[in-house]
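When we follow the numbering used here, the leftmost residue of the sequence shown carries the number 222, and every step to the right adds one.
Derived by calculation from the structure, the hints in this document are not laboratory data.
Where is the CB? At the ideal position from N, CA and C, for every residue including glycine.
The calculated label-pair distances, taken between Cβ atoms and stated as ranges, are:
1. K690 x R270: 37 to 47 Å
2. T682 x E485: 39 to 49 Å
3. A580 x P358: 20 to 30 Å
4. K527 x Q309: 44 to 54 Å
Here are the computed lysine-lysine pairs in the DSS-like style, where the Cα-Cα straight-line distance is at most 30 Å:
5. K567 x K671
6. K671 x K654
7. K567 x K527
8. K525 x K601
9. K654 x K527
10. K333 x K305
11. K525 x K654
12. K567 x K654
13. K527 x K704
14. K690 x K567
15. K323 x K305
16. K704 x K525
17. K265 x K323
18. K654 x K690
19. K268 x K525
20. K416 x K333
21. K520 x K704
22. K671 x K690
23. K567 x K520
24. K601 x K567
25. K268 x K333
26. K527 x K593
27. K265 x K333
28. K305 x K265
29. K567 x K704
30. K268 x K305
31. K567 x K593
32. K654 x K704
33. K654 x K520
34. K690 x K527
35. K268 x K323
36. K690 x K601
37. K416 x K305
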Amino acid sequence: MKLMPTQIKIKPALAQTQPQQIHTNRLIIASNRGPVEYFLSHDKTLKYRRGAGGMVTALIDAGNRMDVTWVAMAMTEGDRIALKEAQQQNEGLLLSPIRGQKMQLRYVAIPKSAYRKHYEGFSNQVLWFLQHYLYNPNEDSAFTRRIQDAWTNGYCVASRAIADAVNAEIEREEGAAVVMLHDYHLYLASEMIRKDHPSVIMQQFIHIPWPDIRCWHFLPSNITHAIYSGLVGNDIIGFQTERDARNFLEGARTLLEGAVVDFEEGAIWWQGRRTQVRAYPISVSVTEERRVAQSAAGKRASEKIKPLLGQQTIMRVDRIEPTKNILRGFQAYARLLDEHPELLGKVNFLAFLVPSRQALPIYQRYNTDVLKIIDEINQKYGSDDWTPVQAFCDNDRTRALAAMQWYDVLLVNPIIDGMNLVAKEGPVVNQCKGVLVLSRTAGAFQQLGKASIPTSPTDVTETAHALYKALTLPEDERAAKAKLARQVVERYDLNMWLTRQIRDINELLDRTTTYPDPQKTPAPAFAASVS
222 MKLMPTQIKI
232 KPALAQTQPQ
242 QIHTNRLIIA
252 SNRGPVEYFL
262 SHDKTLKYRR
272 GAGGMVTALI
282 DAGNRMDVTW
292 VAMAMTEGDR
302 IALKEAQQQN
312 EGLLLSPIRG
322 QKMQLRYVAI
332 PKSAYRKHYE
342 GFSNQVLWFL
352 QHYLYNPNED
362 SAFTRRIQDA
372 WTNGYCVASR
382 AIADAVNAEI
392 EREEGAAVVM
402 LHDYHLYLAS
412 EMIRKDHPSV
422 IMQQFIHIPW
432 PDIRCWHFLP
442 SNITHAIYSG
452 LVGNDIIGFQ
462 TERDARNFLE
472 GARTLLEGAV
482 VDFEEGAIWW
492 QGRRTQVRAY
502 PISVSVTEER
512 RVAQSAAGKR
522 ASEKIKPLLG
532 QQTIMRVDRI
542 EPTKNILRGF
552 QAYARLLDEH
562 PELLGKVNFL
572 AFLVPSRQAL
582 PIYQRYNTDV
592 LKIIDEINQK
602 YGSDDWTPVQ
612 AFCDNDRTRA
622 LAAMQWYDVL
632 LVNPIIDGMN
642 LVAKEGPVVN
652 QCKGVLVLSR
662 TAGAFQQLGK
672 ASIPTSPTDV
682 TETAHALYKA
692 LTLPEDERAA
702 KAKLARQVVE
712 RYDLNMWLTR
722 QIRDINELLD
732 RTTTYPDPQK
742 TPAPAFAASV
752 S
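Produce the complete structure using the sequences and hints provided.
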């Protein structure tokens with residue numbers, strides 16, 4: 222039976238209760254940002270700190286169980302200095318200095334102008350906004366020329382550099398290696414690696430949404446085709462949600478001439494290769510989140526936060542980023558106070574906001590707008606003894622996790638998100654039967670919809686009503702929703718996210734012991750193909 226797009230079903234990744242280990246002793250991870258960030262201190266000495274993000278946490282455990290090399294771009298001047306020292310001493314390899322990280326690092330440097338075009342010019346100004354449904358070509362009359370320049374002289378250069386470094390790492394030692402690539406900065410790298418190493422097992426996980434094909438048609442056709450052909454160089458492509466995976470399958474059927482797509486099994490056959498498409502919803506490390514929130518530093522942070530709590534407290538934790546929809550969140554709070562003046566002086570809003578990508582003008586403007594609306598709300602609704610909104614604008618993860626123990630309502634209202642880990646962090650650390658208000662368009666909604674109060678991200682009135690419902694929900698219903706959210710995250714935690722991927726990689730590795738080239742499997746006759 223030929224399956225049409227309306228009947229698409231993605232083969233689920235089965236749950237595993239025990240962590241697995243990849244059936245080979247070599248793992249190469251590649252990403253734009255590495256697990257360690259080097260920087261120069263005030264006295265010009267080289268310092269380091271652990272890289273941000275859940276991906277680092279997820280893969281540290283893998284690094285403790287096997288030989289792992291992490292390939293990443295040298296993003297900072299400190300990274301470049303560390304790379305230069307490593308090239309002089311150890312073939313460009315660094316041993317991670319972070320306690321608990323048993324892995325080697327290989328940083329890749331390209332000219333700074335090329336990196337800016339790669340990171341700021343194409344990855345963040347084009348792909349990030351396109352994949353979050355916020356790309357507007359009308360804002361730049363010369364967008365095609367600008368995009369082509371950032372693509373050719375930035376994005377392609379970075380992908381080539383990463384691919385060369387991965388190739389060098391594959392060849393450095395004997396034995397089968399598995400390559401895991403991450404996110405939207407490296408869509409071309411797998412195809413480049415494949416040309417030099419046809420039999421290497423590669424998997425790539427995309428952390429941000431994958432829009433439908435109409436959005437991709439905004440880009441020049443040569444770029445869109447290169448992105449799709451680059452990604453199907455992988456053996457497995459992982460997405461946050463089944464919707465993202467379906468969108469990719471439909472795009473492959475449209476863009477890759479001769480491609481055969483099996484929507485039921487989640488597979489693409491193209492140019493003699495088979496690529497599996499899977500959904501792996503990312504999560505958080507429950508143990509780690511609770512450890513940080515209840516650590517000595519977390520307890521000190523809590524003591525400073527508690528005097529700022531109201532009779533009830535709404536919280537949010539976000540990067541200052543247009544897709545996070547912070548402005549509408551504050552507008553909804555203002556609407557709540559307008560419609561329910563009895564809440565004045567009783568319901569506080571604590572916001573933990575992390576400045577982001579301040580080199581880009583759109584982020585600078587958004588940061589200004591966020592601070593402006595906070596001032597406007599405090600001036601309009603505040604009094605000598607009550608400040609409605611308390612905002613912390615820095616990157617203090619410990620304080621944010623400690624604070625989320627005490628929210629009554631957690632507002633997570635992104636315009637769209639691949640997942641949104643705040644929606645998962647909050648429920649596992651909260652001690653107040655706090656209720657989650659969650660955008661239907663967040664990837665986390667697929668798992669936490671029944672455990673939250675849903676809202677439309679663009680409807681300020683609906684969000685205000687959702688906040689009021691969360692604040693006034695009967696005690697037993699609050700407890701039930703909080704418990705359900707906590708249980709969902711505890712069951713599908715960060716270890717589960719990684720274990721599911723390892724299981725699918727191991728299936729491919731095990732097949733190579735029986736079949737000389739398992740990817741050259743005949744395409745099924747019933748699958749949908751490009752007409």
